Amino acid sequence: MINLIMIAISSIMFALLLVWWRWPAFRTWIEAPKYAMLRQERRFDDRSIPH
Amino acid sequence: MATLIERPVYPAGQRSVQSAGELPSVEYDLIRAHVFASLVTLVISVLFGILVATKFSFPEFLGGHAWLTWGRLRYNHTQGIFFGWLGNAFLAFFYYAVPRLANRPVLSRKLGWFLFCIWNFAVVLPGWVLVAAGFSQPLEWAEFPLVVDAFVVLAFILMVFEFVLPFVRARLSDLYVSGWYIIGGIIFTMLAYPVGNFVPELVPGARGAAFSGLWIHDAVGLFVTPFALAIAYYVIPATTRRPIYSHFLSMVGFWVLFFTYPLNGTHHFVYSAIPMAAQKGAIVASAYLGMDVILVVTNLLLSLRGNSGTTSKDVPLRFVWFGVVNYLLVSLQGSVQALMPINRFIHFTDWVIGHSHWAMIGFGSFMALGGIAHLWQRIPGTRYNERMMNWSFWLLAGGLTLMVIDLTIAGLVEAQVWESSAPWIDSVRAVASYWLVRTLSGLPILTGFVLFWISLVTGPRLSEATTPAASRVTLEDISAFEEAPAASHEFTPTRWLSNAHVIAFGAGVGFFALSFLVLAILPGKELADEIKRVAPVTMAALTASEQRGRVIYGREGCAYCHTEQIRSLAADVRRFGAPTEPWETKYDYPHLWGTRRIGPDLSREFNIRPRDWQLTHLYNPRLVVRDSVMPPYPWLFKGNANQPTQEGLDLLAYLESLGRSRQLSGFDQQALTASVHAAIPDMAMASEPSARATPPTVPIAMTGGYSDSAPVLHPASNPDDLQEEVSRGGSLFAANCASCHGPAGKGDGKASASLSPKPADLTAARFSDERLSSVLWNGVTGSAMPPWRQLPTEDLRALVAYIDSLHVPSAAPSTQEPTTLADGKFLFATNCASCHGDTGTGNGPAAGALAPSPTNFHLKKPTEERAWEVLENGVPGTAMPPWQSQLSADERHALVAFVRSLYGTPQENPGK
Numbered sequence: 001m002i003n004l005i006m007i008a009i010s011s012i013m014f015a016l017l018l019v020w021w022r023w024p025a026f027r028t029w030i031e032a033p034k035y036a037m038l039r040q041e042r043r044f045d046d047r048s049i050p051h
Numbered sequence: 001m002a003t004l005i006e007r008p009v010y011p012a013g014q015r016s017v018q019s020a021g022e023l024p025s026v027e028y029d030l031i032r033a034h035v036f037a038s039l040v041t042l043v044i045s046v047l048f049g050i051l052v053a054t055k056f057s058f059p060e061f062l063g064g065h066a067w068l069t070w071g072r073l074r075y076n077h078t079q080g081i082f083f084g085w086l087g088n089a090f091l092a093f094f095y096y097a098v099p100r101l102a103n104r105p106v107l108s109r110k111l112g113w114f115l116f117c118i119w120n121f122a123v124v125l126p127g128w129v130l131v132a133a134g135f136s137q138p139l140e141w142a143e144f145p146l147v148v149d150a151f152v153v154l155a156f157i158l159m160v161f162e163f164v165l166p167f168v169r170a171r172l173s174d175l176y177v178s179g180w181y182i183i184g185g186i187i188f189t190m191l192a193y194p195v196g197n198f199v200p201e202l203v204p205g206a207r208g209a210a211f212s213g214l215w216i217h218d219a220v221g222l223f224v225t226p227f228a229l230a231i232a233y234y235v236i237p238a239t240t241r242r243p244i245y246s247h248f249l250s251m252v253g254f255w256v257l258f259f260t261y262p263l264n265g266t267h268h269f270v271y272s273a274i275p276m277a278a279q280k281g282a283i284v285a286s287a288y289l290g291m292d293v294i295l296v297v298t299n300l301l302l303s304l305r306g307n308s309g310t311t312s313k314d315v316p317l318r319f320v321w322f323g324v325v326n327y328l329l330v331s332l333q334g335s336v337q338a339l340m341p342i343n344r345f346i347h348f349t350d351w352v353i354g355h356s357h358w359a360m361i362g363f364g365s366f367m368a369l370g371g372i373a374h375l376w377q378r379i380p381g382t383r384y385n386e387r388m389m390n391w392s393f394w395l396l397a398g399g400l401t402l403m404v405i406d407l408t409i410a411g412l413v414e415a416q417v418w419e420s421s422a423p424w425i426d427s428v429r430a431v432a433s434y435w436l437v438r439t440l441s442g443l444p445i446l447t448g449f450v451l452f453w454i455s456l457v458t459g460p461r462l463s464e465a466t467t468p469a470a471s472r473v474t475l476e477d478i479s480a481f482e483e484a485p486a487a488s489h490e491f492t493p494t495r496w497l498s499n500a501h502v503i504a505f506g507a508g509v510g511f512f513a514l515s516f517l518v519l520a521i522l523p524g525k526e527l528a529d530e531i532k533r534v535a536p537v538t539m540a541a542l543t544a545s546e547q548r549g550r551v552i553y554g555r556e557g558c559a560y561c562h563t564e565q566i567r568s569l570a571a572d573v574r575r576f577g578a579p580t581e582p583w584e585t586k587y588d589y590p591h592l593w594g595t596r597r598i599g600p601d602l603s604r605e606f607n608i609r610p611r612d613w614q615l616t617h618l619y620n621p622r623l624v625v626r627d628s629v630m631p632p633y634p635w636l637f638k639g640n641a642n643q644p645t646q647e648g649l650d651l652l653a654y655l656e657s658l659g660r661s662r663q664l665s666g667f668d669q670q671a672l673t674a675s676v677h678a679a680i681p682d683m684a685m686a687s688e689p690s691a692r693a694t695p696p697t698v699p700i701a702m703t704g705g706y707s708d709s710a711p712v713l714h715p716a717s718n719p720d721d722l723q724e725e726v727s728r729g730g731s732l733f734a735a736n737c738a739s740c741h742g743p744a745g746k747g748d749g750k751a752s753a754s755l756s757p758k759p760a761d762l763t764a765a766r767f768s769d770e771r772l773s774s775v776l777w778n779g780v781t782g783s784a785m786p787p788w789r790q791l792p793t794e795d796l797r798a799l800v801a802y803i804d805s806l807h808v809p810s811a812a813p814s815t816q817e818p819t820t821l822a823d824g825k826f827l828f829a830t831n832c833a834s835c836h837g838d839t840g841t842g843n844g845p846a847a848g849a850l851a852p853s854p855t856n857f858h859l860k861k862p863t864e865e866r867a868w869e870v871l872e873n874g875v876p877g878t879a880m881p882p883w884q885s886q887l888s889a890d891e892r893h894a895l896v897a898f899v900r901s902l903y904g905t906p907q908e909n910p911g912k
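Chains as they are written, first to last, in the working numbering: chain C, 1 to 51; chain W, 1 to 912.
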């Protein structure tokens, strides 16, 4: 059972790496949240700056 | 509930449902409240911890009050850190981060205040009070009583509504990694908490331990770790104004963490009775987890590349950076110490305590502190004292480093002593100085936490422009993404990928179910089958008194110093006896296996020590074990050790029941045991001398005053060597024997008042080397005299030499007339031979049933004064009655002369 689980984990990880390598657009898509987070930070920053 | 989950009142210009251009509101009052609560509970919890540590060096310190005893303070220390400090800190962070990550406000302000009240006034505060009052649960990381646990579960359900629902409503397809960790952590802990807290109450012993092990690790792995990582992934980009290195790697880290962490739990019970497949699975998962941590930390540190200046100047970021580094180191340490070759040595030692402090302070607390300091600067109207914050960092980092190094070395020292045949108390003595250093290391840590608090309420008040100018995100920071070719944005995720929050929810539930199945249900079924097959049919459940004693045992935290599981390791078996079998725990609701040994394992306590020793030990351990660090329990007695309360008697009854089923069942004589043990390579003890095969704490009955299984230890014949032996024996005597026998060996030690029979007056008799060697080797059944065969042979010989030197010959030896000896012999045969044997060898017909066994006068020559006193008064606590009313003075004189004449003469029918 444990072997099965470990094989499953490894398979999922390798599948993710395969997708990352095979579809460049996936890389952009999956990296998008880190920019969205910064954009959101900027929006909050802007609100806090007195005008 | 309907009134709680209602739309909050938002500032003018904002709505609850955000349009694209509007910002969600942030509940700053709730953030302030949780930050304040976290720091108050942090300082109180650390104070509890320092008191706990101090008691290692000064066990009597505050020892007279039940609510300040070591066990209860220890429970409140860890639960206070877990719920009070980290719980409140994480909640404060959620109120800050969730609106930003989900672009939605939290569900309800009123719900938030309700949650705040539940967390602090239905969990933390009553939990502390109940534990101090004696209502607790003796399970690691689950010490608050069940009634409090119900509110914890309720709080997590409320958290789902308050923090997870905004993500669900937002239907974000690009959920940032911090959001994933927040959702996964809340969902998983909500499910795992009942498993660790309620199930062991319903599923006994080894089976319950399999469930309990899940929560022990999940408490750190799925509550502290996800939320701390959520903070790290948030604070680093928000401060450096650069996106993290790779969101892809962060997601791989998330999934592997949630896949493998739940599978780690059983590594707390390596070499235990839990099926080996589950143990090995947990070890493999621990190694996997270590690899995942390397990946996560690499990603986080790469996110800081080129920002060393910012990291050193921005104190909140420095807190997070230090937490990330500690996360790497402590996680790799955790993976290594789960491996069987390492675990066999360091498990139960202070090494593990160092590891847990490293994790909870170095990783969890530093992350939480960094998160609080970061968000605090962005709350309108708060104060911030950077200089004080800087001092806080260095004090905390310095104190933690000292503590971890100290405890790690202490653990190695303990492991070394435990591997040897030295008495258990030697391991306590060996680390006494380390415990003192550990206590001292708590002072800079406490000071650092206090300074952190002060830094949030002093210093310049932050203006409405809450975000420090230096850390505002600029357009340039995200320009790389914005300016990327539009084609690269065209990847269209499938529908299920768009619902990232649903996946995170599913991850929590799915992996919980998986760990539950693999580490608890399947091993539990295997254990249940084995118990059904193997358990002796005669195995009796605990009596009502023993059951009450078990509750007291748990209440006072005994299981946190004494394990009730003998591992399948040669060192354990040599010291405590055969490994614990699952069936022995059949009636243990909940299990009391323990994860730490400061005192010895107690699972074979049945018939080892007499009740007077046990009661004296409970009343004040140092009366019988000079260097013990065990707390005293005077509230279980009415003023002295001879007058236990009903609770004291109940606890005694429980202690005396431990291992009873095993001993009475004859299980160890069955072939099955041997076959089970033969399967464990470590059980091979080919080099073990048969004379030490019985665990050294178990007394061996002797009839006739000695046993030929014990080596006869003759002191050195050379005067110089003898002098050296006597000197060394004196030191050993003072450390190990004087608490009962008194500093001069007169039998008047501190413990003597409550022991029956009294400890021997070693000055009032001359003992043969055979007698002394046998007593030191075997102990004296029926008395408080324990065996000391775990001492090295040279030490035992030195003790024999020293005790020999204590004997003071009678001032005026009388000359025995032949007629007196003849009279004495006749009187002896008439009155004494049934116990002492016809020739005074202590093996008369009645001797076998007596404990302590009757004196063999060939091996022990009492002084005239002592012999006379015994004939007049008897020996209380033994079968020896007073003869004053039955024999005349002349007859008693004749008997004294006769028995003293036997010493050193050849024996007939020597006892075995």
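These aren't lab readings, by the way, just hints derived from the structure by calculation.
Certain hints may be false.
Between beta-carbon pairs, the in silico distance windows are [to be verified]:
(1) C:15 x W:513: 13 to 23 Å
(2) W:276 x C:19: 45 to 55 Å
(3) W:309 x C:12: 35 to 45 Å
(4) C:21 x W:458: 21 to 31 Å
(5) W:336 x C:18: 57 to 67 Å
(6) W:461 x C:15: 24 to 34 Å
(7) C:19 x W:306: 27 to 37 Å
Only pairs whose alpha carbons sit at most 25 Å apart, straight line, appear in this in silico SDA-like list of lysine to any residue [said to hold, decoys possible]:
(8) W:280 x C:8
(9) W:313 x W:444
(10) W:280 x C:24
(11) W:525 x C:4
(12) W:280 x C:28
(13) W:280 x C:7
Please read all numbers here as calculations on a predicted model, not as lab measurements.
Backbone N, C-alpha and C define an ideal beta-carbon position, used for all residues, glycine too.
Hints, verified against the model:
1. Distance hint check: the CB atoms of residue 15 (chain C) and residue 513 (chain W) are about 21 Å apart, consistent with the given range 13 to 23 Å.
2. With their beta carbons about 37 Å apart, residue 276 (chain W) and residue 19 (chain C) fall outside the hinted range of 45 to 55 Å.
3. Between residue 309 (chain W) and residue 12 (chain C) the CB atoms are about 39 Å apart, so this pair conforms to the stated range of 35 to 45 Å.
4. Between residue 21 (chain C) and residue 458 (chain W) the beta carbons are some 53 Å apart, a value that contradicts the proposed interval 21 to 31 Å.
5. In this structure the supplied range 57 to 67 Å is violated for residue 336 (chain W) paired with residue 18 (chain C), their Cβ-Cβ distance being about 31 Å.
6. The beta-carbon spacing between residue 461 (chain W) and residue 15 (chain C), approximately 53 Å, falls outside the hinted interval of 24 to 34 Å.
7. Checked against the hint of 27 to 37 Å, the C-beta distance between residue 19 (chain C) and residue 306 (chain W) comes to roughly 29 Å, which is consistent with it.
8. Distance check on the hinted pair: residue 280 (chain W) and residue 8 (chain C) sit about 17 Å apart at the alpha-carbon level, within 25 Å; holds.
9. Distance restraint check for residue 313 (chain W) and residue 444 (chain W): the Cα-Cα separation of roughly 22 Å lies within the 25 Å cut-off, and the hinted pair is therefore satisfied.
10. Restraint check: the Cα-Cα separation between residue 280 (chain W) and residue 24 (chain C) comes to about 39 Å, which exceeds 25 Å; the hinted pair is violated.
11. With a CA separation close to 19 Å, the supplied pair residue 525 (chain W) and residue 4 (chain C) stays within the 25 Å bound.
12. Proposed proximity of residue 280 (chain W) and residue 28 (chain C) is contradicted: the alpha carbons are some 39 Å apart, above 25 Å.
13. A C-alpha spacing of about 15 Å is found between residue 280 (chain W) and residue 7 (chain C), which places the hinted pair at or below 25 Å, so the restraint holds.
Hints 2, 4, 5, 6, 10 and 12 from the earlier list are contradicted by this structure; the remaining hints agree with it.
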